[in-house]
Each structure stands twice: as C-alpha cells, then as structure tokens.
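Trainee: Can you make the complete structure from the sequences, with help from the hints?
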Amino acid sequence: NAGVTQTPKFQVLKTGQSMTLQCAQDMNHEYMSWYRQDPGMGLRLIHYSVGAGITDQGEVPNGYNVSRSTTEDFPLRLLSAAPSQTSVYFCASSYSAGGNTDTQYFGPGTRLTVL
Amino acid sequence: AQSVTQLGSHVSVSEGALVLLRCNYSSSVPPYLFWYVQYPNQGLQLLLKYTSAATLVKGINGFEAEFKKSETSFHLTKPSAHMSDAAEYFCAVRGWNQGGKLIFGQGTELSVKP
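Here the protein sequences line up with chains A and B, keeping their order. Quick note, the first sequence lines up with residues 87 to 201 if you use my numbering. Quick note, the second sequence lines up with residues 330 to 443 if you use my numbering.
If you are wondering where the hints come from, they were derived from the structure by calculation, not from laboratory data. Treat the hints loosely; a few may be bogus.
[As the list claims (entries may be wrong)] If you want the footprint, here are the derived chain A segments under chain B, 3+ residues with CB under 8 Å:
1. 114-121
2. 129-143
3. 190-196
[As the list claims (entries may be wrong)] Beyond 12 Å from chain B on every Cβ pair, some chain A residues (computed):
4. Asn148
5. Gly149
6. Leu201
Note that CB positions come from ideal geometry on N, CA and C, so glycine has one too.
Mentor: Below you can see the structure in the form of structure tokens.
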C-alpha cells in the first residue's frame, strides 16, 4: 500500500490564483481530513469527509473548498489564494468513525507559499 | 468542546536523560488521546494512543504515556533520550465517533544534546 499520498510537495502561488491540492489513499478508508500546520499553532482542521459525497467544515474552512466523489480521493481547492494561506497542508485518512482501534494516517504534506 | 494544551514549545535534554513532554486536555466526553511525532520535513507518525483499554500506554521507539483522568493529563515520557528523538511532538484528542476530527496541541520541539 502507498498509504496517503499528496501532490504537489511544494507550490508557490501569487495572490488571487487558484489551485487544487491532491490527496489520495489506497486503504479503503471512509474518513479523510485536511489540516494546515502553522508555527506555534499545531495542526488545525480545515475540512473533513465521512464518506464519498459527504463533507463538513472543520475549524478553519474559509477560503477552501472540498468535494469527495470517490472513496480514494479528497482534493482541497483554494479559490483565490491569499498570503494568510501560506502553510503546510496535511491530508489524513482513517478507517471509520473512531472506535477503539481507529487511527488517522497522515500524508507527507504540501508546502504552499502565497506571494 | 475539546482542547489540548502542551506545556513548553521547546524542550531540551541531554542524550541519556529522561524525556518528559506535557499534555493536558479538556473534553466533555471520554477522550481518545494520541501522541504524534514529526521529523523535519516529514508528515506525522503515530507514537501511541489511549483508547480506554489501559491507562499506561506503550508506543514505538521506547515512548510511553500515562492517562490520568484526575489531572486531565497525558504526558509523554522516555527513560533515556537518543539523538534520533529530536523532532516535534504533538498531542491530540478526539471524542468517540469523531473520526477525522483530531484536535491538536501547539506542539513541543524536542532537542537532544550530545
């Protein structure tokens, strides 16, 4: 299994540009999430999905869109990039709603800079 | 609402010394608690997790953590630090049936001096 994969690894955007961060998992996990990591703030949840066709907002959803048409893929769209969206973005997946044995697995991250 | 506080953004220890990273949580429901480690320029790797089966949890690389409900704490320890332990450590919490919704602390960067 490749686990959770993210592309691209690095991206530089200009203010106002749009782009999509890709995330895929091959573990047949129902739950997928997007987090952003900023210095001194840990990771904060942007959006998450509990299955294909179902998404919901996390702690910091403004400026981001998601959709989930398949179990495997969960892309994150930046509609109009702003310097405040400069961050490292992590995608994660887990098998189910979170029983005793459930664990989130993280991708390697995408480092985004908005100029 | 749930929250996590990690005390100390930077901790420095000597090689061979005890590692203690502090984590306190707030949760209105029985929590599931996690420690993740992040090496430079990498993603997060699970060290250990508490899921109510046992209060003392052993993880990978010699780390362990003890869940103390009375103190709302889940501190991470390792008896003897190794240079390879230098990394950033994150404590996280979620409630039951809250898959995909981890709440993270601010992180603690661990430095290990030779």
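Trainee: Can we trust that leucine 201 of chain A is non-interface, i.e. its beta-carbon lies farther than 12 Å from all of chain B?
Mentor: For leucine 201 of chain A, whose nearest Cβ neighbour in chain B is about 21 Å away, the distance exceeds 12 Å, so it holds.
Trainee: Going by Cβ atoms, does glycine 149 of chain A stay more than 12 Å from chain B at every point?
Mentor: Nearest chain B Cβ is 20 Å from glycine 149 of chain A, so the label holds.
Trainee: Can the segment 129-143 of chain A be counted as covered by chain B under the rule of three residues or more with Cβ-Cβ separation shorter than 8 Å?
Mentor: Check passed, 6 qualifying residues.
Trainee: Using C-beta distances, would you say chain B covers the segment 190-196 of chain A, given that this needs three or more residues below 8 Å?
Mentor: holds (count 6)
Trainee: Just double-check asparagine 148 of chain A for me: nearest Cβ-Cβ distance to chain B has to come out over 12 Å.
Mentor: holds (18 Å)
Trainee: Examine the segment 114-121 of chain A: at least three residues should have C-beta closer than 8 Å to a C-beta of chain B.
Mentor: holds (count 5)
Violated hints: none; the structure is consistent with every hint.
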